[in-house]
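S.K.: Listed here are the chains, written in short residue letters.
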Amino acid sequence: MITCEGVSVTLGDRRILDGIDLHVARGEWLSIVGPNGAGKSTLLRYLTGAVNGEGTVHLAGRPFGALTRRERALLIALVPQAPVIPVGMSVVDYVLLGRTPHIRYLGVEGPTDVAAVHDALSHLDLLDFADREVTTLSGGERQRVLIARALAQGSSLVLLDEPTTALDVGHQQQVLELVDELRRAHDLTVVTTMHDLTLAGQYADRLLLLDAGRVVVEGPAAFVLTEENLARFYGARVRIIHDGGHPVVLPVRERTVNDQPR
Amino acid sequence: MTPAPTVAAQGSLRAARLRARWTVLGVAAVVVAVIAGLVVGPAGIEPVEVVRRLLGVSSTLDTQQIAIVEQIRLPRVVLGLLVGSTLSLCGASYQGVFRNPLADPYLLGAAAGAGLGVTLVIVRAAEGTTTPALAPVAAFVGALGAVALTYALGASGGRRASTASLILAGVAVASFLTAMQTYVQQRNQDTIRQVYTWILGRLSTAGWGEVRLLLPYAVVTWVVLLAHRRVLDVLAVGDDEAATLGVHAARSRLVVIIAASLGTAAAVSVSGLIAFVGIIVPHTVRLLAGQSHRVVLPLSLLFGGAFLCLADLLARTLSSPAEIPIGVVTAFFGAPFFVLVLRSSRRMGATT
Numbered sequence: 001m002i003t004c005e006g007v008s009v010t011l012g013d014r015r016i017l018d019g020i021d022l023h024v025a026r027g028e029w030l031s032i033v034g035p036n037g038a039g040k041s042t043l044l045r046y047l048t049g050a051v052n053g054e055g056t057v058h059l060a061g062r063p064f065g066a067l068t069r070r071e072r073a074l075l076i077a078l079v080p081q082a083p084v085i086p087v088g089m090s091v092v093d094y095v096l097l098g099r100t101p102h103i104r105y106l107g108v109e110g111p112t113d114v115a116a117v118h119d120a121l122s123h124l125d126l127l128d129f130a131d132r133e134v135t136t137l138s139g140g141e142r143q144r145v146l147i148a149r150a151l152a153q154g155s156s157l158v159l160l161d162e163p164t165t166a167l168d169v170g171h172q173q174q175v176l177e178l179v180d181e182l183r184r185a186h187d188l189t190v191v192t193t194m195h196d197l198t199l200a201g202q203y204a205d206r207l208l209l210l211d212a213g214r215v216v217v218e219g220p221a222a223f224v225l226t227e228e229n230l231a232r233f234y235g236a237r238v239r240i241i242h243d244g245g246h247p248v249v250l251p252v253r254e255r256t257v258n259d260q261p262r
Numbered sequence: 001m002t003p004a005p006t007v008a009a010q011g012s013l014r015a016a017r018l019r020a021r022w023t024v025l026g027v028a029a030v031v032v033a034v035i036a037g038l039v040v041g042p043a044g045i046e047p048v049e050v051v052r053r054l055l056g057v058s059s060t061l062d063t064q065q066i067a068i069v070e071q072i073r074l075p076r077v078v079l080g081l082l083v084g085s086t087l088s089l090c091g092a093s094y095q096g097v098f099r100n101p102l103a104d105p106y107l108l109g110a111a112a113g114a115g116l117g118v119t120l121v122i123v124r125a126a127e128g129t130t131t132p133a134l135a136p137v138a139a140f141v142g143a144l145g146a147v148a149l150t151y152a153l154g155a156s157g158g159r160r161a162s163t164a165s166l167i168l169a170g171v172a173v174a175s176f177l178t179a180m181q182t183y184v185q186q187r188n189q190d191t192i193r194q195v196y197t198w199i200l201g202r203l204s205t206a207g208w209g210e211v212r213l214l215l216p217y218a219v220v221t222w223v224v225l226l227a228h229r230r231v232l233d234v235l236a237v238g239d240d241e242a243a244t245l246g247v248h249a250a251r252s253r254l255v256v257i258i259a260a261s262l263g264t265a266a267a268v269s270v271s272g273l274i275a276f277v278g279i280i281v282p283h284t285v286r287l288l289a290g291q292s293h294r295v296v297l298p299l300s301l302l303f304g305g306a307f308l309c310l311a312d313l314l315a316r317t318l319s320s321p322a323e324i325p326i327g328v329v330t331a332f333f334g335a336p337f338f339v340l341v342l343r344s345s346r347r348m349g350a351t352t
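If you're matching them up, the sequences are chains C and L in order.
Here this note's numbering is used: the first residue of the first sequence is 1, the next is one more, and so on.
Here this note's numbering is used: the first residue of the second sequence is 1, the next is one more, and so on.
Derived from the structure by calculation, the hints contain no laboratory data.
In this text, a Cβ means the ideal position worked out from N, Cα and C, and glycines have one as well.
Any given hint could be a false lead.
[Claimed, not checked] Restraint ranges, calculated between C-beta atoms of paired labels, are given here:
1) C:Asp119 - L:Asn100: 55 to 61 Å
2) C:Thr135 - L:Ala28: 48 to 54 Å
3) C:Asp119 - L:Val328: 22 to 28 Å
4) C:His23 - L:Leu288: 28 to 34 Å
[Claimed, not checked] On the chain L side, residues computed to face chain C include the following (Cβ under 7 Å):
5) Ala20
6) Gly41
7) Gly44
8) Thr244
[Stated by the list, open to error] In silico negatives: residues of chain C with every beta carbon more than 10 Å from chain L:
9) Arg72
10) Ala73
11) Val108
12) Ala130
13) Asp131
14) Asp196
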């Protein structure tokens, strides 16, 4: 679905990404993990065309540079981490924005666009919220609205930037289950950045561990999420427990002087 | 607060679009303003007779009175409609494109640039080195030059122009150009009164000259800006997200800014600096009818025209036979009205 070779991005005099190779097959779920500042978000921004850099990207077999903005938007949808939600905009109107690449530049939506919005809202169980203002929704509801917008966009590659960061653990699971259901139902390819390593490992087919702008480890969760890797790249003290084949990352605290029994 | 699921659940989603109720209200406001503008005036003509004449029923108006209504009042009413519609539509567009509720022709330096251009023409015309007919051209050059300067300065901080840096640049450009304008104005004592009168804003017109001058620019501005109403809603999510939706944000923004600046310059060159219309009308519409540009732009056009028409009616009747500058009227009545709308909608919880 998407192939990158030698992607490098320099912002100012800092090299944020340094020769990233990446391949995601159709229908696959890839999670990009790595410590703060590793370049995860920049990689997603590069894939949406928001930042420029070197390297070649092929999207659905076509070179990225040869696609117009609109053609890219028809292939890639983004669920941003910190979206700008216009004041006073209803859920319907917000999800309708996802139809923009399907509508002529100065045109307005047609019946197919409204039908697509209806489908997206109904898939995400949001029909009852259609007339609510997006700004009045809770974090979990808002995340579903964002996913509905991406779904209405009809792109087969969906990028999610930290989709669970602002949510409690129950909503984190709900949102990721939802993404997984939609992926299967609509044959979507999913690329996410993730902070929570356990969740990343439970949902993704494959993990890509970035550090200092380079891919340092890549593969199935059990291969990437090892105590050595997390100590080396995150500087973290963790224990890995295996639960039903998925690694569970357990932070541990070494006993300090205060914990000694008196 | 619990939303009724009925409408949506039946499959008919209510997307933001102009509702018939508001269109009717807007058109009605324009009609009322036009009729009021035609029947009221200092000439002592019976309003009822003017209405009869308008309806095509036989009236007792003599030729001179008909001439007053059709050659003096009508052009002035039409000019008021054009200027008011254009200023408030441009204001609404500036606010949308910069995602800033305070953005208007004044903030970006467009009005100040147009003001400097027109002042130079008035001064040089008095010296006999140019003709007053060049005023609109000078206003365009001044407004577009000012916006270009604002854009260049706002963008020079980085590759990407942020909204905040643009507006700061606009404030700097506007004060600089206003200072230049004041300097030119004070240096030329013989034209100072003429410049002042123009700056305070006026719609006095002799015949259809000003209307003919403004109409083509106004129509182009209206068509371009109204065509971008949905694009402005997309731009509301920010440049990066607009890009992922397939919209070239910077390019769309530039087109809207140029169109709004042209409209502003054209309006300013015939009517002077009329403050408040570009802020008050769009915000009142937003508070009452909704935030989407698909609603705000067309309604700003209608209500802006009606508002300025009525303001002009007050300007020429309140201290008749003298005229109050229309800019004074728009601010004097517009500001309290706006505060009233703002307060009442806060109580209803409609604003954030």
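S.K.: All hints, please: hold or fail.
M.R.: Cross-check of the supplied hints:
Between Asp119 (chain C) and Asn100 (chain L) the beta carbons are some 35 Å apart, a value that contradicts the proposed interval 55 to 61 Å. Between Thr135 (chain C) and Ala28 (chain L), the C-beta spacing of about 32 Å breaks the proposed range 48 to 54 Å. Range check, Asp119 (chain C) to Val328 (chain L): about 55 Å between beta-carbon atoms, so the 22 to 28 Å window is missed. Between His23 (chain C) and Leu288 (chain L) the CB atoms are about 53 Å apart, so this pair departs from the stated range of 28 to 34 Å.
Using the Cβ-Cβ criterion of 7 Å, the hint placing Ala20 (chain L) at the interface with chain C is not satisfied: the shortest such distance is roughly 16 Å. Hint on Gly41 (chain L) is violated. Least Cβ distance to chain C is approximately 41 Å, over the 7 Å limit. About 48 Å separates the beta-carbon of Gly44 (chain L) from the nearest beta-carbon of chain C, more than 7 Å, and the hint is not met. The criterion of a C-beta within 7 Å of any C-beta in chain C is met by Thr244 (chain L), whose closest approach is roughly 4 Å, and the hint holds.
Listed as outside the interface, Arg72 (chain C) is inconsistent with that label: its C-beta sits roughly 7 Å from the nearest C-beta of chain L, within the 10 Å cut-off. A beta-carbon of chain L is positioned within 10 Å of the beta-carbon of Ala73 (chain C); the least distance is around 3 Å. Non-interface status of Val108 (chain C) relative to chain L is broken: a Cβ of that chain comes within 10 Å, the nearest being about 6 Å off. Not every Cβ of chain L is farther than 10 Å from the Cβ of Ala130 (chain C); the closest lies at roughly 4 Å, contradicting the non-interface assignment.
A cut-off of 10 Å between C-beta atoms contradicts the statement that Asp131 (chain C) is not in contact with chain L; the least separation is 5 Å. Remark: the non-interface label on Asp196 (chain C) is consistent with the geometry, its nearest Cβ contact in chain L lying 24 Å away (cut-off 10 Å).
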